[in-house]
Amino acid sequence: MNAFQDILLCVVVAPAVVFAVFALLWLLGWTPSERFLSGITGLTFSACTGGVAALVWKISSESNITVTFGNWFAVGNYHFPLVLMMDRLSLPFLALAAVLSGLIGQFSATYLHRESGFLRFFLLLHLFAFGSLLAFAAGSFDLLAAGWEIVGITSVLLIGFFERRPAPVENGLYVFGIYRACDIGLLVGIFAMHHWAGTASFESGFPTLTGLRAVVVCLLLLLAASGKAAQVPFSGWLPRAMEGPTPSSAIFYGAISIHAGAYLLLRAQPLLAQSVLASSLVILIGAATAIHGTIVGRASADAKTSLAYATLTQVGIVFIEIGLGWRWLAVAHILGNATVRTMQYLRAPSMLHDYHQMHSAIGGQLSATGKQVEEMLPEKVQLWLYRWAVDRGHLDTIIERWVIAPLAQLSAYLSRQHRTSAPSPTTIRPGRAVHVPTAGPAQRSH
Amino acid sequence: MPGWVLRASFLTSVSIGAPWLAAAVVITFRRQVRIFGCIAALLSIIGSAALVWRAPSGESLYETLMLLFSSLNFGAILLLPRRDSETRTIAGILIILGSTLLAYSTGNLLVLLGAWILSIVPFLWTGWFRSRTWRPAVALLFSTLALTLAIGFIAANTRVVSIANLKGHNPGGVVAFALLVIAAIARKGIIPAQAWVADAAESGPLVPTALLLNGHFGALLVVKLIVPLFPETDHLFPVLSYLAIGTALFVAIRGLAENSPRRLLAFLALSQSACILSGLESRTAEGITGALVHWVVVSVSTVGLFGILRLLEVRFGENLSASRHLGLAEHAPRLAVYFAILGLALVGLPGTLGFCSEDLLIHGTLTTHPLTGLLLPIATAMNAVSFFRLFTRLFLGKRRTGFTVMTDALPRERWILAGIVLFVVLGGLFPNATVIEHSSEIDVVDEAIHTLDDVNRGAGYADNNSFTHYPIVRRSKTSTH
Numbered sequence: 196m197n198a199f200q201d202i203l204l205c206v207v208v209a210p211a212v213v214f215a216v217f218a219l220l221w222l223l224g225w226t227p228s229e230r231f232l233s234g235i236t237g238l239t240f241s242a243c244t245g246g247v248a249a250l251v252w253k254i255s256s257e258s259n260i261t262v263t264f265g266n267w268f269a270v271g272n273y274h275f276p277l278v279l280m281m282d283r284l285s286l287p288f289l290a291l292a293a294v295l296s297g298l299i300g301q302f303s304a305t306y307l308h309r310e311s312g313f314l315r316f317f318l319l320l321h322l323f324a325f326g327s328l329l330a331f332a333a334g335s336f337d338l339l340a341a342g343w344e345i346v347g348i349t350s351v352l353l354i355g356f357f358e359r360r361p362a363p364v365e366n367g368l369y370v371f372g373i374y375r376a377c378d379i380g381l382l383v384g385i386f387a388m389h390h391w392a393g394t395a396s397f398e399s400g401f402p403t404l405t406g407l408r409a410v411v412v413c414l415l416l417l418l419a420a421s422g423k424a425a426q427v428p429f430s431g432w433l434p435r436a437m438e439g440p441t442p443s444s445a446i447f448y449g450a451i452s453i454h455a456g457a458y459l460l461l462r463a464q465p466l467l468a469q470s471v472l473a474s475s476l477v478i479l480i481g482a483a484t485a486i487h488g489t490i491v492g493r494a495s496a497d498a499k500t501s502l503a504y505a506t507l508t509q510v511g512i513v514f515i516e517i518g519l520g521w522r523w524l525a526v527a528h529i530l531g532n533a534t535v536r537t538m539q540y541l542r543a544p545s546m547l548h549d550y551h552q553m554h555s556a557i558g559g560q561l562s563a564t565g566k567q568v569e570e571m572l573p574e575k576v577q578l579w580l581y582r583w584a585v586d587r588g589h590l591d592t593i594i595e596r597w598v599i600a601p602l603a604q605l606s607a608y609l610s611r612q613h614r615t616s617a618p619s620p621t622t623i624r625p626g627r628a629v630h631v632p633t634a635g636p637a638q639r640s641h
Numbered sequence: 120m121p122g123w124v125l126r127a128s129f130l131t132s133v134s135i136g137a138p139w140l141a142a143a144v145v146i147t148f149r150r151q152v153r154i155f156g157c158i159a160a161l162l163s164i165i166g167s168a169a170l171v172w173r174a175p176s177g178e179s180l181y182e183t184l185m186l187l188f189s190s191l192n193f194g195a196i197l198l199l200p201r202r203d204s205e206t207r208t209i210a211g212i213l214i215i216l217g218s219t220l221l222a223y224s225t226g227n228l229l230v231l232l233g234a235w236i237l238s239i240v241p242f243l244w245t246g247w248f249r250s251r252t253w254r255p256a257v258a259l260l261f262s263t264l265a266l267t268l269a270i271g272f273i274a275a276n277t278r279v280v281s282i283a284n285l286k287g288h289n290p291g292g293v294v295a296f297a298l299l300v301i302a303a304i305a306r307k308g309i310i311p312a313q314a315w316v317a318d319a320a321e322s323g324p325l326v327p328t329a330l331l332l333n334g335h336f337g338a339l340l341v342v343k344l345i346v347p348l349f350p351e352t353d354h355l356f357p358v359l360s361y362l363a364i365g366t367a368l369f370v371a372i373r374g375l376a377e378n379s380p381r382r383l384l385a386f387l388a389l390s391q392s393a394c395i396l397s398g399l400e401s402r403t404a405e406g407i408t409g410a411l412v413h414w415v416v417v418s419v420s421t422v423g424l425f426g427i428l429r430l431l432e433v434r435f436g437e438n439l440s441a442s443r444h445l446g447l448a449e450h451a452p453r454l455a456v457y458f459a460i461l462g463l464a465l466v467g468l469p470g471t472l473g474f475c476s477e478d479l480l481i482h483g484t485l486t487t488h489p490l491t492g493l494l495l496p497i498a499t500a501m502n503a504v505s506f507f508r509l510f511t512r513l514f515l516g517k518r519r520t521g522f523t524v525m526t527d528a529l530p531r532e533r534w535i536l537a538g539i540v541l542f543v544v545l546g547g548l549f550p551n552a553t554v555i556e557h558s559s560e561i562d563v564v565d566e567a568i569h570t571l572d573d574v575n576r577g578a579g580y581a582d583n584n585s586f587t588h589y590p591i592v593r594r595s596k597t598s599t600h
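Residue numbers (the numbering used here), protein chains in the order written: chain A, 196 to 641; chain B, 120 to 600.
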C-alpha cells in the first residue's frame, strides 16, 4: 500500500478505534473525563480532516484511490469484498463527514457539558462517523450496506438519547422500524446484484446488469434510499427524530444521514440511467417529497421541525436532480444544503437570542417577508391544506393504520390463540398490541 | 506426554465423562456445586479443544460444536446468579452438557438416541427443570418417540446402526425420513410445534432452557442424519425449508405484541434459529456455511441474553414486562450495553458475527428459493424491531424506584459477558480467522453435495445440467480466505 492508501484507511478506521477503545474500557469499569474525551475527539477528527485534505490533493492528479484487503469472507462463489475506494463522488462526502463530525464534537463538548450521557454521545458520534466514512469510502454495495446499518443504529440510539422521557425512546423505536423495513430493499438489491452480475462492486457490477434486472435492482435500492432520506411515504419519521440532542440532529438529519440515501442513488446512477421507469419514480418521489416538505414545514410549530422539513424539501429536489441525471448538480446541492442546515440546526436553540441581538442591532423589528404563496389559494383549500399539513400529510396515520395496526392485530390474535392456559409466573400484565407512539415530534429543542 | 492422552477416544471420553461424573459428585455431596460445575465444563473445553486441534482439516465440524457447547456451559455456570446456583441446576446443566457432547460426537444411531433421551431427562423431572405447562414435556417426549420409531425402523430394515455405513442408502425409506423430520420439527420448535419453546422459557428455568434450545438437536438431526442418509428424498427437503422460513416469519410476527421478556426472547431465539434449517436445506455453500455460523451466533447470543435477563430478574424482581418502560439502564448500564450488543448481533448488526451469518444465510436461501427466501429478511427485520422494543422497554425510560438491590454487572458477570461480546465482535471483524474457516471446511457440505452429485450422476443429471431447479454450489477448495 502506498501512503495515500494508508491515509484513506486511517481516515475510515480512526473513529472506530477510538470508539472500540473507550467502549471496552468503560465496560471494564473506567470512565474518561469530559476534557480528555473531547480532546481525543478533536484530535481524531482533526487528523481525519487532514487526511482527507491530503487525499483531495492526491485526487486532483488521479481518478481514484483504491485499497483492497481481499475478502472479508468468502464461501463458494460468493465473496464479500473488503475494498475501500475514493473517487470524485465519494470525496466530498468523506470530507463532509470528517469535518462535520469534528465540528459537532467540539460543539457538543460545551453543549452537553455535565450531561449524564456525555460519554454515550461521544461514543455514538465516533461510531456514526465510522459508519458514514465506511459507507462513503466503500468500493462495493456490500461494504456500503455495513456502514449504512451502523449509521442507522447510531441514529436511532441518539434519538433516544434523553432516555428518561418515553417520547424520544418510542420515536427511536419507530425510526428503527422504518429503517429496518426499508433496508430490506438494500439487502435484497445486493443479493440480486450478486445473483445476476456475480458482484456488487461499483466498478464491475453495473455493466452486466441491463433491462428488467437493472430496473429491479434500482427499485430495491430506491426503497432503501427513500427510507434513509425520509422520502414520501416514509417522511413521518423525520420530525420524530428531532427528539435527539441538537448536535446529533444537525449532523444526522441536517447533513450526513439524510443525504446517505441520495449518495446511494448517485452510486447507482449508471443503473438508473438505463431505466426510464426507475428514473421517473425517483423524480416522482423527489417531487412529492419536496411539495410535501414545503407545505408541512409551513405549519410546523417548532424550529427543529421546520428545519427538518426544509431539509426534506431540498433532499426531494436532490432526488429530482438525480432522476434527471444531473449528477454533479445534485452533489453540489447536497454539499450546500448539508453545511447550511448544520449551521441552522446548531443555532436553533439560540434562535430567540439571535433574533433579539438582531433586533437590537437594527433598532427595531425585522420587516415582514411579504405574502405567502398559499394565501393565493381559496380559503377552503387553505383550510384543508392546513389540516393536511398539521397532520403531516397523514403519512404517519397511513403507515400506522395500514401497516402497523394490522400487524399488531395479527400478532395479538396469534398471541391469544397460542397463549397457554396456565397463568404466567413472570408476566404481570397480559399481552397487548404493540404501542406505537402517536405523539408528535419534539415540542422543544434541546 | 503419553500418546494415549491425545487419542480421540480418550479426549472424547474426558469431554463427555467429566460433566457426568461432576453431576454425580454434585448430587452426592451438594457442596461447592459451582466450582465442580466449572471444573467439569473446563475439562470438557480442554478435551474438545484438543479434539479440534487434532482433527484433520475439513473434518472438525462436530469437534468445533463440542468446543462451542462446552464453552457455553462454562459461561452459563459462571453467569448463574447465586440464587440459582444450586445442586439440581448445576447437575442438570452438567447432564445436558454431557449428553449433548455425546450426541455431537457419536456415529451410532442408538447412542444418538440415548444422548437425545438423556438431554431431556432434567426437563421431564418435576423439581428440576420441568416446566409448569404441558407443552414442553409433550413436545420433547413426542420428538423422542418419533426419533425412537425412526431409528427402530432403520435398524429393523437394515440391521445397521452405524451412521457412516448408512450414508446415501435411504435406510427405512420415506417412513424413516418422515419420522426423522417430525422429530427435528418437534425438537426444534418448527411449525406446528413452535409453542412449546416460549412456554419452556416462560415457566421453566431460563438458563438451562437456553442451553437445551442451543444444543440444536433438531438441526443436528438434519446435518447428521436427514441430509446424508436420504439423498433420494431431496424433493421433500424444500418442505422443511418452507416450514422453517414459515416459522421464522410466524414467530417474528407473534413477537411483535409480546410483553413477557422471557417469551419474547424465546420467540427471537426460535425465529432466528429456524433460519438455520432453511440455510442447511438450501444446499448452497453460502447457505450451509451461513447456517452453521448462525448456529454459533444464535447459541452464543441467546445464552448471553437469557443469562442477562435472569440477572435482571434476580436484581429487579421477576415481574419484568415490556409493556412499559422500566429504565433499568440507570441502575445497570453495563448489563444494558451487553444486552444491546448481543441482541443486535442476533439480528445481524454489522461488525458482529451475526452480520456475516445473516448475509450468507440470506444469499444461500434466496438462491434456492427466490420467493419464499424473501420472507427471511422480512422476519429478521421484524425480530430486530421486537428486540429493540424489548431493549427500550427494559432499559430506557424514566428511572423506577423501589428496587432493593440495584447492582450493575458484578466482576464475575462482567468478565464472562465481556468475553461473549468480544467473541461476537471479533468473530464479526475477522470471520475468516474464527468461525467461517472451520465452517466452510466442514464435511457436511462435501457430504451433502457429493452424495447428491452421485445420485444425480446415476440419474443422468450431471451432464445435461438439468438439476438446475436445485442449484448446488460446490465450495472451492482453493478459494482464498
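Think of the hints as simulated: they come from the structure by calculation, not from any bench. As the structure is a computational prediction, the values presented were derived from the model and not from experiment. We treat Cβ as the ideally placed atom computed from N, Cα and C, and that holds for glycine. You may find that some hints are simply not true.
As the list claims (entries may be wrong) - Covered stretches of chain A, as calculated for chain B (at least 3 residues, CB under 8 Å): (1) 349 to 361; (2) 366 to 377; (3) 596 to 608.
Right, here's what the structure says about each hint:
no.	hint	verdict
1	349 to 361	holds (count 6)
2	366 to 377	holds (count 6)
3	596 to 608	holds (count 5)
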